[in-house]
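Go ahead and model the full structure; you've got the sequences and the hints to work with.
Chains as they are written, first to last, in our numbering: chain W, -3 to 439; chain E, 23 to 315.
Among the hints, a few may not be true.
What the hints assert, rightly or not - Distance ranges between label pairs, derived from CB positions:
1. 138(E) with 32(W): 20 to 26 Å
2. 256(W) with 45(E): 34 to 40 Å
3. 277(W) with 166(E): 27 to 33 Å
4. 195(E) with 277(W): 18 to 24 Å
5. 435(W) with 311(E): 38 to 44 Å
6. 220(W) with 69(E): 29 to 35 Å
7. 303(E) with 35(W): 39 to 45 Å
Said to hold, decoys possible - Now the stretches of chain E that chain W is said to cover, found in silico as 3 or more residues with beta-carbon under 8 Å:
8. 96 to 102
9. 116 to 124
10. 144 to 151
11. 259 to 273
By construction, these hints were calculated from the structure, which means they are not laboratory data.
Glycine is no exception: its CB is placed at the ideal position from the N, C-alpha and C atoms.
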Amino acid sequence: MTQMHVGLLAATVSMFGVAAAAQPVTFEYWYGLTGDLGEAVLATCDRFNASQSDYVITCVGQDSYDAAVQNTIAAFRANQHPTIVQSFDAGTADLMLSGEFYAVHQMMEDYGIEIDWSDYFPGIANYYSSSTGEFFSMPFNSSTPVYYYNVDMLAAAGITEAPLTWEGMEAAFVALKESGQECPMAYAPSTWIDLEQFSMVHNVPVATNNNGYDGLDTELLFNTTLHVRHMENIKRWLDEGMIYLRTAQSGLSARDSFVQGECAIFFSSIADHATVGKIAPEGLAWDVQMIPTYEGFERTNSVVGGASLWVLSGKTEEEYRAAAAYLAFLASTDEQRDWLTVTGYIPVTNSAFETLTAEGFYDEAPFAGREIAIASLTWTEPTELTRGIRLGGFIQIRAEWVAEMEAALSGQKSVQEALDTAAQRGNAILARFAQTYAGQTFP
Amino acid sequence: MRKAYFKTNWLAFALVAPQLLIIFVFFYWPSAQAVYWAFTLEQPWGGGNTWVGFQNFQNVLTDAYYWLSVRASVLFAIGSTVLAMGMALILALFADRQLRGYRVWRIAVIWPYAIAAPAVGLSFRFVFNPNAGLFSYINTIFPGLWDPTSTGWQALVMVIIAGAWKLVSYNFIFFLAALQSIPRSLTEAAAMDGARVMRRMWDIQLPLMAPTFFFILVINITDSFTDSFGIVDTLTGGGPARATDLMVYRIYSDGFRGFDYSGAAAQSIILMLLVIALTFVQFRYVERRVHYT
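Shown next as structure tokens:
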């Protein structure tokens, strides 16, 4: 309403030949979050527009992460693209190689906006930056996986501390079973948790070339690492009735199963912390813990998930100035606090986390427990293998893993066979990607 | 007999030009683009492409899983077409018999056609839910028998039923219209000769409906190959273990989700050729047995 008003006013002013010096620069931002989270994104836009009068941001929801990137590509090819797009982690390899973006590091420097890049958590920074440490995109909604557990059910089984190892986890399953808990854990196969983050916290590779960071001639390794043993355990636990398959397709997701009190444990992103808090019935005592590691392995950091904001090429200087102002606005501690209060995401900078901790943000419900995610993310400095994963065709590789694991979990083939097939097919996808971008490397 | 025609060709051309333009913009141009992409490796963000000849086709056709997908698509097409035509025919015969309340049923049966595929998928997700849906009653009697989330053939049956359900109303309209265009005098004469309901159906109504049958067959087969995407996406996502990864769904997941435009384009061309071939076969061999007039 006010936006239209300003526009009308500006039009009237210019019609009468008076210089409309204060006409704001408008620019578009397409995002993929939906529901409550989508509303929260819109709220950041409203706050930005209200906070200053030089720029007007128009935020357009695209209904899903997938659609946000797909629609942006289609629009880009017709030169109708937005200035900023929210892109999820696995969807960016093509964008990186195309070069059709304005690296935020460079942009902030060009427009004289001071950002303390070293303030960002390394587990986040490495994921979104170039080999020389320059940020391509602006970290935004950031998460990392944890597991959620029912405090009362674990207590009834005699477990007072949520296990940090898979050995402890197995003992907990047995104890829960013995205490009369039919379903110790609700499980849904997830490459992000079972493969990617699992490999991160164990410091084992997913692929060669340091998980794809050092070149395009990458091959997958996950069928040769500790990951195989883990998936074999998952399969065994499923067969023994220690864990139950609960997927959205079956009508009852792992989260719903947990909230309804059917299962005692489930794994998910810390972003679910807000949702579980909202939909959990009165009196459900629950908490979160870092994803476990196997005994004999030094725990390393987990990495960020979620999405970041990319500034696309082909826009005017004015629009870039406006985009820079919006991204700087999002990075402020106040804005991060507002964002974290309505969502389950984690702060992206050290200073914001420290300020929030000092304010007592994490001391009480509903936010208590989310600091576990930060602990997991910052457990160690990232190693060569825990910077993240940079693979072309990553979405298809994830799909191959899921399809093969479904076959293995339903007993059609062994876990090793399934992972071998997934890796072999994934390698074909990687080779195809390298051929598409022959002679190029990730910047 | 004299024929009426335009003397000046330009007028005829001008009259059909808008139509041709629409067909060109929305059909030929995108198809040509797809053909071009199928022979290249296209970078999604536009930065150019490389000519690779038949490599994309070779990759697709030598992939064992692709043939599984073809198999699933064929099973889906046959299953949903037979089911949809059979159900629609039975309903149309009943409506035509003017059983009690047929006016209400006639309209009620047409409604499902107005429902979008994803909505159909979502509602069937509730119906087939192994834990809470209608089908969960099977599991209360025989525990663990019904589980489309881990049993491939059950998932395929599920999408076939959902796909057929969506086609039933469309088929119903055509079958009912065909039945109602059969002159009453024919059925009445047969009735007077002592033919009962079933006899009249076999000997008079069904043969006279043959042209409609043929039309619906072609439409249903084509539709089930090309329009099954929404149902698969909401019901199974192609799983479990690729059991419902129909050809058209694969094109979506590779092209749109995976940004492999060229691979998806090659698959589209193959699907297009398959549908053309099937339609050709139907016209060549099935239509021979159809008598119009």
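List of violated hint numbers, smallest to largest: Numbers 2, 4, 5, 7, 8 and 9 - these are the hints that the structure violates, sorted from lowest upward.
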